[in-house]
Amino acid sequence: MVLKLDLDGTVHHVTILARRPHLVLSVDGRRHVVENLDEAGDGSRNLTVDGEPVAFARAGSADGAIIRLNGRSFALRRLDAAAEASAAGGGANVVRAPMPGTVVVVHKRVGDKVQRGETVVTIESMKLQMKLDAPRDGEIAEIAAREGEGFDKDAVLARLAAPAEG
Amino acid sequence: MSRLQSSINTASADFRRNEAHNRRLVAEFKAKQEAARHARPQRDLDRLARQQKMPQRKRIEMLLDPGTPFLELSSLAANMAYGGESPSASSIVGIGMVSGREVMIRADDPTVKGGAWYPLTVKKIVRALDIAMENRLPVVHLCDSAGGFLQLQSELFPDRYMGGRIFRNQSMLSKMGVKQLALVFGHCTAGGAYIPGLSDYSVIVRGTGAVFLGGPPLVKAATGEDVTVEELGGAEMHTSVSGTCDYPADSEEHAIEIGRDIVSQWDRLPRWEAQREAPEEPFYDPAEIYGIVPDDIKKAFDMREIIARIVDGSRFHEYKPNYGTTLVCGFANIWGFKVGILANNGVLFNDSSIKGAHFIELCNQNNTPLVFLQNITGYMVGREYERRGITKDGAKMIMAQSCSRVPKFTVMCNGSFGAGNYGMCGRAFDGRFLFSWPNHQIGVMGGDQAANTLAEVKANQMKRNGGTVDQRAIDQLWEETRKAYQEQLSAYHSTSELWDDGIIDPLDTRNALGVAISASLNAPLGPPGYGVFRF
Chain A
3 MVLKLDLDGT VHHVTILARR PHLVLSVDGR RHVVENLDEA GDGSRNLTVD
53 GEPVAFARAG SADGAIIRLN GRSFALRRLD AAAEASAAGG GANVVRAPMP
103 GTVVVVHKRV GDKVQRGETV VTIESMKLQM KLDAPRDGEI AEIAAREGEG
153 FDKDAVLARL AAPAEG
Chain B
18 MSRLQSSINT ASADFRRNEA HNRRLVAEFK AKQEAARHAR PQRDLDRLAR
68 QQKMPQRKRI EMLLDPGTPF LELSSLAANM AYGGESPSAS SIVGIGMVSG
118 REVMIRADDP TVKGGAWYPL TVKKIVRALD IAMENRLPVV HLCDSAGGFL
168 QLQSELFPDR YMGGRIFRNQ SMLSKMGVKQ LALVFGHCTA GGAYIPGLSD
218 YSVIVRGTGA VFLGGPPLVK AATGEDVTVE ELGGAEMHTS VSGTCDYPAD
268 SEEHAIEIGR DIVSQWDRLP RWEAQREAPE EPFYDPAEIY GIVPDDIKKA
318 FDMREIIARI VDGSRFHEYK PNYGTTLVCG FANIWGFKVG ILANNGVLFN
368 DSSIKGAHFI ELCNQNNTPL VFLQNITGYM VGREYERRGI TKDGAKMIMA
418 QSCSRVPKFT VMCNGSFGAG NYGMCGRAFD GRFLFSWPNH QIGVMGGDQA
468 ANTLAEVKAN QMKRNGGTVD QRAIDQLWEE TRKAYQEQLS AYHSTSELWD
518 DGIIDPLDTR NALGVAISAS LNAPLGPPGY GVFRF
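Protein sequences appear in the order of chains A and B. Under the working numbering, the first residue of the first sequence is numbered 3, with each subsequent residue one higher. Under the working numbering, the first residue of the second sequence is numbered 18, with each subsequent residue one higher.
Heads up, some of the hints might be wrong.
Stated by the list, open to error - Cross-link-like lysine to aspartate or glutamate pairs, in silico, EDC-like; alpha carbons within 16 Å at most:
| hint | chain 1 | residue 1 | chain 2 | residue 2 |
| --- | --- | --- | --- | --- |
| 1 | A | LYS133 | B | ASP31 |
| 2 | A | LYS129 | B | ASP312 |
| 3 | A | LYS133 | B | ASP313 |
| 4 | B | LYS49 | B | GLU102 |
| 5 | A | LYS129 | B | ASP465 |
| 6 | A | LYS155 | B | ASP368 |
| 7 | A | LYS110 | A | GLU149 |
Think of the hints as simulated: they come from the structure by calculation, not from any bench.
Use the sequences and the hints to build the structure in full.
Structure below.
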């Protein structure tokens with residue numbers, strides 16, 4: 003089971019690898035052993051992570067928890083599985099037409115650097131103008147859309163350069 | 018239920034431009050509303066004062082429980098009819114609290130042509146009584162009307178939903194056990210006389226109140242009899258001789274006091290137990306709606322951003338988030354009431370239609386009221402979609418929606434074109450309430466599309482008949498069609514004709530829905546079941 007946790011705005015993937023004899027977790031691909039979980043009853047807790055003792059306090063909220071550790075507070079939130087599902091699907095290399103229509107504005111040119119969510123083309127179909135955004139950060143490798151021209155459903159209107167290895 | 022994550026940048030140029038645009042539209046709306054409510058010729062206000070009558074809004078204010086909200090409906094009815102001479106269709110209609118009960122208040126407006134009923138006044142009264150029946154809301158009538166506006170009698174008297182419907186609805190309400198009270202402040206002439214006549218209780222003010230089928234001039238013309246208003250239909254005669262009215266009052270204030278006491282005697286019919294939690298304000302600022310709704314109806318926007326600014330805590334449990342993504346469906350709470358929301362994020366495709374139909378069924382199974390947030394340009398057209406059965410999939414959504422047993426509420430947030438209006442619970446589908454935003458446009462198609470379609474038909478016709486196409490005639494037809502459409506598409510035209518229950522400031526959406534949902538709980542759920550779904 004993979005848990006998605008938002009820690010102060012950064013998403014971490016946590017997998018439980020084993021529960022016995024010790025709790026073994028994979029956090030963003032790194033393995034950690036958690037032992038000696040001990041609750042004091044007043045919200046403060048002690049445990050050992052990879053052999054190092056850690057003392058912290060935890061307070062629950064409707065959305066997650068606030069962790070007090072080393073004199074700092076961290077907001078920890080478990081991402082909702084259903085809500086997360088809708089946000090997935092990024093990472094593709096192309097800007098694809100969701101339906102037949104015409105190109106209204108081409109905002110980017112080949113070679114432009116784009117960030118995820120930046121508008122690449124504006125299309126019009128069924129009386130509605132829609133902005134089609136870059137699916138990820140990258141560089142525009144190809145623009146197939148021509149302003150004023152029509153296209154079919156699933157036509158590739160722009161393509162991003164393959165990400166560099168690393 | 019998790020909180021929606023807004024991705025709006027309130028500092029962006031788009032946001033600021035939209036905000037300026039929508040604030041201007043709302044200011045325009047409020048100015049029109051203010052004028053419809055209060056701007057009257059001085060002579061009419063003077064006459065009212067001479068008769069020692071309170072303005073209708075003052076009467077309503079005194080009738081309502083102090084400090085409780087009043088949801089006024091259709092404040093701009095008739096704003097584009099009769100050359101603007103019938104503000105609010107010469108009547109005030111709304112839902113408020115009287116003696117601790119949710120009631121429908123319906124008031125004539127004596128400052129416009131003696132409170133005469135225009136055709137749209139009749140339509141507004143019939144709608145008010147339909148709302149009362151559908152939601153089992155007791156009615157308080159504040160009567161002060163000269164009767165039908167005689168110059169337009171053919172448009173207000175003979176048909177099924179015209180004058181007679183008011184009295185038919187009154188009778189049905191009484192039969193259903195939904196009480197009505199008439200407070201007679203001025204004249205109730207001709208048909209208007211049946212309002213107190215068919216109310217379960219009536220109070221009449223001495224000196225100014227009168228009820229008769231024909232006033233003194235009509236009696237004189239018909240039979241030659243000379244008779245005064247007091248003799249013919251005054252408070253003393255009706256409360257001591259004819260029994261047409263029940264209680265005489267010494268003043269308008271006295272009548273309202275008696276009326277409030279009458280309402281406090283009424284039994285409370287059992288309310289339907291909806292799922293409810295403690296209400297919570299939206300996490301995101303509703304005022305940001307102004308910056309989200311684009312300045313051009315053609316521009317798309319994410320309806321989740323609107324949902325986040327209407328629902329409790331901005332929390333939304335989205336149903337099937339990855340399927341049929343152009344229709345956003347999910348559960349949320351509004352003023353604590355659990356609702357199922359359907360909101361358009363683009364054209365309806367086969368998958369979005371089927372998802373909508375399924376979600377409507379889930380809400381009916383779960384006894385969850387439905388809220389439709391419309392911004393729809395229609396169901397997808399074209400060969401591929403017809404082959405996949407877009408018509409039968411749209412029909413499934415219309416079937417599920419029409420046969421719903423749970424209360425339905427619709428908000429026209431931007432555009433409503435073509436059959437999308439049907440699937441999304443347009444006016445014809447007996448939603449309990451339907452509100453429009455000032456930017457809203459509605460029509461069978463957009464102005465450009467209608468002009469293009471007609472121009473193409475015309476050109477083909479010319480080719481068939483003579484072979485040559487007169488481009489100037491075509492251009493003229495295009496321009497005329499577009500202009501006529503543009504005017505008819507506007508929210509003001511829509512609300513003028515009572516195709517909705519009123520334009521509201523988008524910021525009031527949450528409150529309007531809260532009052533509407535609460536009112537709807539007075540009526541039991543409808544019978545379960547659907548017709549035949551075409552698979």
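Hint-by-hint comparison with the structure:
no.: 1; hint: LYS133/A with ASP31/B; in the structure: holds, 13 Å
no.: 2; hint: LYS129/A with ASP312/B; in the structure: holds, 15 Å
no.: 3; hint: LYS133/A with ASP313/B; in the structure: holds, 14 Å
no.: 4; hint: LYS49/B with GLU102/B; in the structure: holds, 13 Å
no.: 5; hint: LYS129/A with ASP465/B; in the structure: holds, 9 Å
no.: 6; hint: LYS155/A with ASP368/B; in the structure: holds, 15 Å
no.: 7; hint: LYS110/A with GLU149/A; in the structure: holds, 12 Å
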